[in-house]
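J.: Go by the hints and put chain P onto chain D.
Taken in order, these protein sequences are the chains called D and P.
So in my numbering, the last spot in the first sequence is 276, and the numbers never skip.
So in my numbering, the last spot in the second sequence is 260, and the numbers never skip.
Watch out, some of these pointers could steer you wrong.
[Said to hold, decoys possible] Quick list of the computed label-pair ranges, beta carbon to beta carbon:
1) D:30 / P:102: 55 to 61 Å
2) D:164 / P:241: 39 to 45 Å
3) P:249 / D:171: 40 to 46 Å
4) D:236 / P:245: 53 to 59 Å
5) P:31 / D:41: 29 to 35 Å
6) D:223 / P:36: 32 to 38 Å
7) D:164 / P:245: 29 to 35 Å
8) D:35 / P:25: 27 to 33 Å
9) D:213 / P:27: 29 to 35 Å
10) D:44 / P:29: 44 to 50 Å
11) P:135 / D:108: 17 to 23 Å
12) D:92 / P:201: 45 to 51 Å
13) D:209 / P:103: 36 to 42 Å
14) D:242 / P:135: 42 to 48 Å
Note that these hints are calculated values from the structure, not bench results.
Please read these numbers as outputs of a predicted model, since none were measured by experiment.
Think of the CB as a built atom: it goes at the ideal place given N, C-alpha and C, for glycine as much as any other residue.
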Amino acid sequence: MSLLLLLKTKKLKKTENRIVHTIVPFLLPVFLSLIWISLPLFNRPVVFPEEPVIAAKSLSQSLLRKSKEIHLEADQWLSLRSELIFLENINSLSKSDSFVLVVDLHDSIVALRIKGVNVLESNISSFRTSKGFTHLQKAGALPLWLSQPFRLIDAHATVQKLPYKIIQAPKDSVEANKLKFKNIVLEKQDVYCEYEFSRHLQLDVYQAEKRSPTDWRAALFRIFNYVDNAYFSSCIDILKLRWPVHRFHISLEIPYSDAQAIYRALPGNALAVVRM
Amino acid sequence: LEFYSDLLHLAKQLQNMNGFFRQFLVFWQKTKDVFQKAGKSTDSVATAWIAGLCASCLLLLFSYDIRDAFLQINAPNAPMSETISDREELSKETRNEKRSVTQLKAKLARAAPTGTYLIINTSKNKFYLKRGTRLLHSGDCSTGSYTVLHTRNKKEKWIFETPRGWFRVRQKIVDPVWRMPDWAFIEEGLAVPGNQDADRFERGVLGDYALDIGNGYLIHGTLYQRLLGLPVTHGCVRLGDRDLEIIYNAMYINSWVFIY
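Pulled out of the complex, with its shape left as it was, chain D reads as follows (with noise of 0.2 Å):
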């Protein structure tokens, strides 16, 4: 619009008319293209290792011509080698004092941890990942990715963090007596949370059970979830002079009771380990 202003207030000569008008509506997309696009990728999670690393699919690869059996030993190998990162993550979090979000894609389950137990566990019924992965997989950097928790940066979701409702005291018991029940309010919304954490990882959490069609709500929570990694969140990067980020999503389906209580009870620098 800008633009479009610029043009209506300032007259320009007739050659640089022509310029303008055939030159910059085609470069337009190509500079943005290379901001938006380019910029991103370049910002990387994990420095990616340059050493020899035993990675995912490396070891396996190099293994298979030699045999077909060896080729599962180093399956099981490497599985068990994802395994110990991730109880040794759990372990050193369950010494310290705080909340951690454990995600276990492996063996579908979500569960929230308090000081080193078990408060809630949720079964998954579905879950996603972005293709970037692959990229983190390839590059042998997927294992030291996952090496360290990760810490919560924000959350939002469809529902209220911490529901309060704000009453005034009332005059006399009459009125006490009308206003008693009358704050009890059952929430029906649809839940859908969306967690940043730190080395790129997003985090949305899905309600498994079908949206309601009446709530809008979470319909316009998913596009501006979308719209924001595309867009808004590059630009507030660009604007705060930081290096736009390209986030590794991993979207995920519990039931609405366990999505909604994760989203209340994880505090704002909860950490979070995940084995995939």
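T.: Using the frame of chain D, we list chain P on its own:
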């Protein structure tokens, strides 16, 4: 696909689609007018501009998917490992990993509380009595209502919220007596009596037992049994009579209570 289904879902919610398209056509016409007035431009220049802007918008909108697809296609191959090259070495490593995993699992199991402990879910208003990983008993409870009560002159306020985190049972009380705080009178629209006034002390409203978890918060009984399972309390945890008795007998001083 989810994104499109969401868009479709939202579009269905829009009652006046005709109005929306009409608005778009008006916008299109106005944009063309602006170009024509600004630089003696023709329809084709305006169309080029609009096409450029639309392409930019689409590019921005789908930039996440474009980046994701690019990452998938352009994945670098990690340098091959030469450290494990034969089967014997691999078997040895696998055995070591297995041993470490078993040891860690045992260590984690040992870290869980040995005695009975109580877990309270304030979102569902449910409680779970456990020993180790075994569930002993569960049921409905009532937790904080998240009400913020203001005095009429707005000078004081109270937040009726159950605290989250981990607590220990500090005291086990039989036949607890409730010393009513100021908010209990203000909430009822009554005058606040003196600190040691007899009106402040009420017997029987907290049930037969109570467990003190610190900072004035109790796990106690209730007269309002039909409200169990709803967030209606002033911060304490209310239980049904039978559940309260079971929990009182199973829990000891210093037993853990986890609230989330």
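J.: Does 29 to 35 Å hold as the CB distance between residue 213 of chain D and residue 27 of chain P, or does it fail?
T.: holds (31 Å)
J.: With 29 to 35 Å as the target window, see if residue 164 of chain D and residue 245 of chain P comply at their CB atoms.
T.: holds (33 Å)
J.: Between residue 44 of chain D and residue 29 of chain P, is the Cβ distance one that fits in 44 to 50 Å?
T.: 47 Å Cβ-Cβ, so the 44 to 50 Å window holds.
J.: When you take the CB atoms of residue 223 of chain D and residue 36 of chain P, is the distance between them in 32 to 38 Å?
T.: Cβ of residue 223 of chain D to Cβ of residue 36 of chain P: about 34 Å, so the range 32 to 38 Å holds.
J.: Can the suggested window of 17 to 23 Å be confirmed for the beta-carbon pair residue 135 of chain P and residue 108 of chain D?
T.: At roughly 21 Å between Cβ atoms, residue 108 of chain D and residue 135 of chain P fall inside 17 to 23 Å, so the hint holds.
J.: Is the distance from the Cβ of residue 164 of chain D to the Cβ of residue 241 of chain P consistent with 39 to 45 Å?
T.: violated (30 Å)
J.: Does the Cβ-Cβ separation between residue 209 of chain D and residue 103 of chain P fall within 36 to 42 Å?
T.: holds (40 Å)
J.: Using the beta carbons of residue 35 of chain D and residue 25 of chain P, state whether their distance is inside 27 to 33 Å or not.
T.: Check passed, 31 Å falls within 27 to 33 Å.
J.: Could you say whether the range 53 to 59 Å given as a hint is met by the Cβ separation of residue 236 of chain D and residue 245 of chain P?
T.: Holds: the Cβ-Cβ distance is about 55 Å, inside 53 to 59 Å.
J.: Holds or violated: the 29 to 35 Å window for the beta-carbon distance between residue 31 of chain P and residue 41 of chain D?
T.: holds (33 Å)
J.: Just tell me: holds or violated, for the beta carbon distance of residue 30 of chain D and residue 102 of chain P against 55 to 61 Å?
T.: holds (57 Å)
J.: Between the beta carbons of residue 249 of chain P and residue 171 of chain D, is the distance compatible with 40 to 46 Å?
T.: Since the Cβ atoms of residue 249 of chain P and residue 171 of chain D sit about 44 Å apart, the hinted range of 40 to 46 Å holds.
Comparing the model with each numbered hint stated earlier shows that hint 2 is the single one that does not hold.
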